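*Asks:* Based on these hints, arrange chain H on the given structure of chain V.
Keeping their order, the protein sequence lines are chains V and H. The first sequence runs -9 to 149 under this note's numbering. The second sequence runs 354 to 635 under this note's numbering.
Since the hints were derived computationally from the structure, they do not count as laboratory data. Just so we're clear, the structure is a prediction, and the values are computed from it rather than from any experiment. Hints are not guaranteed to be accurate.
Computed footprint of chain H on chain V; a stretch qualifies when at least three of its residues, placed anywhere within it, have a C-beta under 8 Å from a C-beta of chain H [claimed, not checked]: (1) -3 to 5; (2) 30 to 42.
Which chain V residues stay away from chain H? Per the calculated CB distances, all over 12 Å, these [stated by the list, open to error]: (3) Ala57; (4) Ala73; (5) Arg144.
C-beta: ideal position from N, C-alpha, C; glycine also.
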Amino acid sequence: MNEQYVLRVNGSERSVTDAWLGESLLYVLRERLGLPGAKGACEQGECGSCSVLLDGVLVCSCLVLAASAIGADITTVEGLPGAEAGLTTVQQAFVDEGAVQCGFCTPGLIVAVHDLLERNPSPTELEVREALSGNLCRCTGYGRILAAVETAARAGVQA
Amino acid sequence: MAVCVPSSLEAALAVLRDDPDAHLLAGGTDLMVEVNFGHRRPESVIALSALAELRPIVYDPAAAIVRIGAGATWTALLEEPIASLVPALAEAARTVGSPQIRNAGTLGGNLGTCSPAGDGLPVLSALDATVELVSAAGGRSVSIHEFMVGVKRTARRPDELIAAVTLPVLEGFQGYAKVGVRNAMVISAAGACLAVDRVGRCVRLALGAVGPTILRADPAEAFAAEAIDWTAGTLAPGAAEEFGRLAAATARPIDDHRATAAYRRHAVGVLATRLLRRAFPA
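Only chain V is shown next, with the shape it has when bound in the complex (with noise of 0.2 Å):
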């Protein structure tokens, strides 16, 4: 039986129409949506390339049954705050320090370092370490991953 819903994602209501209602909201907002920021790439919470935020709280999208988030504000990395205007205060740190490789774990960590950032502007090295600790990537060895949270702290997030 397949139903429509609605969810409320970077501000707008969507509607979700003739989706299996157990799909996760990874695949929904990927294959729904249109939003293809997140990404799938382990499906079981242990990569966070699908991290998003779920009234504010840092998730991964892939263990959300997207029809249970009806009335839940949803943040994807397309919504943070100063996207709107291009790259966010996080994102430009990441060009600018050399903090993608392939990308693909990228959008994830964008939206776990404005998480991060967002409860503590000056996180210690340890801080960022664990708060990053669910966002794998396995190009960078992490080195200039670390240096963008860094300079993105320095600069502060919502500049």
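*Replies:* Relative to the frame of chain V, chain H by itself:
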């Protein structure tokens, strides 16, 4: 497939009474993996995420107990007041998954799944927790030891929800330790919770991922109670090692994709020894 997102506990219980075969969805960190991989295609799901009644953590200082709503997330459990009241539970919470997983996963979900490797469960076992179950017909409380029946099997009836867990607030060291293939984002190959009760002059040791469900290490507990000088707060020489040996002897591990039985038995003994040493540093 039907998905119901009730906005009150009463509504959730009514839906569950009429559809006891429905799958209960808490944080989704177990169920959605099965759905994503096609291992499970539930006909109906009741999502518990909107139930504010399941989230409060309430401390009763007079009774020295804390009641934790089943919907409390790992992130909530690693913060105050649990960090001070039940430090072993906060430690266990910090070892679960990643920030994303801890933001979603709940203590009630850990209980509902009842994996032998569930990181919250050794803490609940060591503290002799009480599990509150509710249904449209009423509520009941069961001991954690009766609640956990076997591998992913519990005493919850299909028409019941896990509402809360009640734990004693003890005086004395508490700790949770686990072993996995790496330090973050790992499912336990072996885990152990030690809780010292200075007033009752006993220690409690519960072992995870080394049996069909959580095991209490009774011989190790009895040995430690005698090996501790409760007035001086010290441990007899060599007692931590013997404590570990007794804990390992209690384990009933299996070989699987995460570890061999022999490794699990060894590891859980090491964890028990380390925890007792942390409780009574020389």
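*Asks:* Between the region -3 to 5 of chain V and chain H, are there enough contacts, at least three residues with CB-CB distance under 8 Å, for the coverage claim to hold?
*Replies:* violated (count 0)
*Asks:* Quick one: work out the minimum CB distance from Ala57 (chain V) to chain H and report holds if it exceeds 12 Å, violated otherwise.
*Replies:* Check fails; 4 Å does not lie beyond 12 Å.
*Asks:* Mind checking, does the region 30 to 42 of chain V have 3 or more residues with a CB under 8 Å from chain H?
*Replies:* Our answer is that it holds, as 6 residues pass the Cβ test (under 8 Å) against chain H, meeting three.
*Asks:* Report holds if the minimum CB distance from Arg144 (chain V) to chain H is greater than 12 Å, and violated otherwise.
*Replies:* holds, 22 Å
*Asks:* Can we trust that Ala73 (chain V) is non-interface, i.e. its beta-carbon lies farther than 12 Å from all of chain H?
*Replies:* holds, 20 Å
Going down the numbered hints, you'll see the structure goes against 1 and 3, while the others check out.
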